[in-house]
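Generate coordinates for the entire structure from the input sequences, incorporating the hints supplied.
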Amino acid sequence: MTFQAFKVEIFAQAKAKGFTDYELFHSGGTSFSVRVLNGEISEYKNTSSEGVCFRGTYEGKVGYAYSERMAPEIIDPMLDNAAANALIIEEEEIEKLYPGDENYPQVDSFNPALDEVDAARKIEWALAMEKYAKSLDPRVKIADYCTVITGESAMSIANSYGLDVSHRSNMAGAYLIARVEENGVTKSGYEYWFGRDFAEFDYKALAEKAVNKGLSYLGATSMESGDVPVVFDRDNTKDLFGVFASIFMAERGQKGFSMLNKDKVGEAIAAPHITLRDDGVCDLSLGSMAFDAEGVATQQKAVIENGVLKTLLYNLKSAAKDGVKSTGNASKPGFSGLITTSHTNFYLQPSQTSFDDLIKPVEKGVLITEMAGLHSGANPVSGDFSFSADGFLIEKGSIGRPIEQITVAGNFYELLKNIETVGNDLRFHSTGQGGMGMPSILVNGLRISGM
Amino acid sequence: MLDKQLVYDVLTAALSTGGDLAEIFMENTVRDSITMTNGLIEKANWGMDYGLGLRIITGTNAVYAYTNNTSRASLLKLATDAAQAVKASLRGEINIKGVITLDRSERLRYADTMVIPPEKVAKKDIVERLRAASKAAYAYDALITQTSNAYSAVVQDVFIANSNGLWAEDRRVNTRVFIQSVASQGNEKQTGSESPGAKCGYEFVDSLDMEALGKKSATVAVTMLKADYAPSGKMPVIIDNAFGGVIFHEACAHSLEATGVAKGASVFCGKMGEKIAADCVNAVDDGTLSGEWGSLNIDDEGGKPRRTTLIENGVLKSYLVDYLNGLKMNMPSTGSGRRQNYRFAPTSRMTNTYILSGPDKVEEIIADTPDALYAKQMGGGSVDPASGEFNFAVLEGYMIRGGKIAEPVRGATLIGKGHEVLMNIDRVADNFAAAQGMCGSLSGAVPTNVGQPMIRVKEMIVGGRN
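Chains L and E supply the protein sequences, listed in that same order. Quick note: the first sequence uses this note's numbering, first residue 1, plus one each step. Quick note: the second sequence uses this note's numbering, first residue 1, plus one each step.
Certain hints may be false.
What the hints assert, rightly or not - Cβ-Cβ distance ranges computed for the label pairs, FRET-style:
#1 V107(L) - S71(E): 26 to 36 Å
#2 N212(L) - G165(E): 42 to 52 Å
#3 V185(L) - T113(E): 40 to 50 Å
#4 S207(E) - V107(L): 50 to 60 Å
#5 K361(E) - E267(L): 52 to 62 Å
#6 D206(E) - Q349(L): 48 to 58 Å
Claimed, not checked - Heads up, simulated DSBU-like pairs for lysine-lysine below, C-alpha to C-alpha not over 35 Å straight-line:
#7 K7(L) - K321(L)
#8 K87(E) - K4(E)
#9 K310(L) - K226(E)
#10 K213(L) - K328(E)
#11 K255(L) - K120(E)
#12 K458(E) - K364(L)
#13 K325(L) - K310(L)
No lab work stands behind these hints: they were computed from the structure. Beta carbons are placed, not taken as given, at the ideal position from N, Cα and C, and that holds for glycine.
Written out as structure tokens, the structure reads:
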């Protein structure tokens, strides 16, 4: 059954069953990936999938049901479960469907030239990247997860108020983990590239970065515990903000799961030089979108400007609760998820300070280039975190010996105020809806634990 | 789920250009979830996951393709395209074709014993149970300001067939509740949570004391609100039973998965029969336990689960092996081939993975320890199997001073290297218990149990702030 036919059928039956309004969200895509190991293709993957999510108002409340199977016999159980789900909702603020906006921003998220690169070419790149990585140094034992990937996705939302919006995007990527070994100790260096144009892909540069990163960690040891200045490189700053991005979602604060709420807007919550932006459309990111998961047009906005909280991120329901307009931040984790809130392209405004100048004033400190345990070592409610980390000593303004087996601990709310310097090396890491990119930062007030 | 002729035709098309084995994994999964926030139902979802994954193995390499259009035309195209990929990946070499032997296949049917199927449960009943937990948490202490409680039931019907004649069907039912409380004072917030689950129907929820779970999560939140930060640096650590088993899951068992071992990316490569842990350590992976969260009737490539002794008196006895990596390692599968769903090719994963009880008594271990961190409740963690570096979170901690449990301390991450920390386990108690988690890896998130009795580790790095 095609999506269009399914939509007509489920809308007709929804009306007949007593839903007063209704909506169908559809998303789907195809992907290709090739992974090589020891000169052979160890995994070749070709995928296609799609799914639909129905939501509609029943007895005054919104209920949901989703399916990866679009067949006539699935419509009944979907609608019955959506109605049953609506009946148990007790929250006072009611979710509402949206008729759409007059204007939406322009988004350029599809490059037809990507389709012209055939599988054989991608296989060649993956094989060449592995071979090159292993040729760079005898200590490279495995070029692990050496992968080239492409993907295409589409999503659309249509409802009984006439909303009918759609989005299409494609992407390409490559990555590699160089496993290097010396004196029986293995260290790993990960590097990636994501883009929309293979002309920007340089497999040699990628392999060199991964190998050099791995080699630079050889000989790492732990260090003594202490309170020292910490530099997070751009990818780790991105990871740190990724863990705590939920504190900026209005619905979290409204329910008491974030310290930030509408009363904090206008207050200084970060160092005075900090500007944190959330731009629905951003040229540096692959995750730009014209509309959010409720069909509301996305916006360009500062969340923190010069240290002051300017706005929280809203979907329609949380905005109604605070008496403001949606900021176009409704989010839906695919067709199987429910409407929630998320950032769009979320980034710290970069400064003019180069990475070298960022670390120059540090007499004795730590540069963090790897973190682990992000999902378990953070409490987004309290802001407390304690992560396993690797990196380098910073001594007299330059990078010293590699460090392993340390943790970095602190509190994210305090960290926002303790960012000493923001770098100029912003890079986005994004493959889907809503990207995140950060420059490197220098922070005080964190605890390093080691031997 | 599919008729025999179509299965035969798809497998035949898959092997039309070469390849040794073709395998179909098809699923139809129904998910139900309800979330209550601060005592009111906020979200409810119902949905169906549906699709088919096709794998073609050639030598020790694999082509994988999936779709959720299971019409005859779509599946034959999927198989033909995959066969072209096999041809491309062979790059001119000629390979022996797999033999399709469905005519001899024995049809195997499994299903979880399920007293109350989730679809027969009134949503109101679930709501009232979640409410009971929330009310008990609020009633425990005025410092409890938020609660977040949820219910999840998953019924996964799978069909697995391969060109060697396997034809198996299975129904897996997993039910779980999540109970979280937040305690607040001034600018401070702390949380406590409980999340029991089982591989059976709604009777599991029936068996739970929801008020006790609410109260327990509230107790931890309030205790941690009043606690200071954990210490920082190297020190002895006593790790409690149940979810404490996350230390073995991260520090050792992930690195025993053939996924890393087969390509030489594990610290335990080539260590079979060697001592990798202290004498007091005995560990198993057991997928056969009835009704346990991580148990299996069959794994996701049709293999029989088993009880695998991983470590006996400190000596490495077995890896966790799936079919494909087994070919690379010249070892039979240990029934460990698992995947989140049809979108993932299977690889070696854990089921219920435990350190077994030892001779010591809990009171004696504590009394014999002058100074240490006592990690009472744990969160998740992760590991890099290539280096053995692991981490896991402590959610509820106490200091041990002079052989007695002293003041509470807040959460911190503990880190170490698996091959070092296993040697440093010096006491193992007799109070084994298991706990439930979702384990994420190459083939997605799968339900696994961790478990152990109380153990003591001579020293670990504690990532606190004091």
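(message) Tell me the numbers of any earlier hints that the structure contravenes, in ascending order.
(response) none
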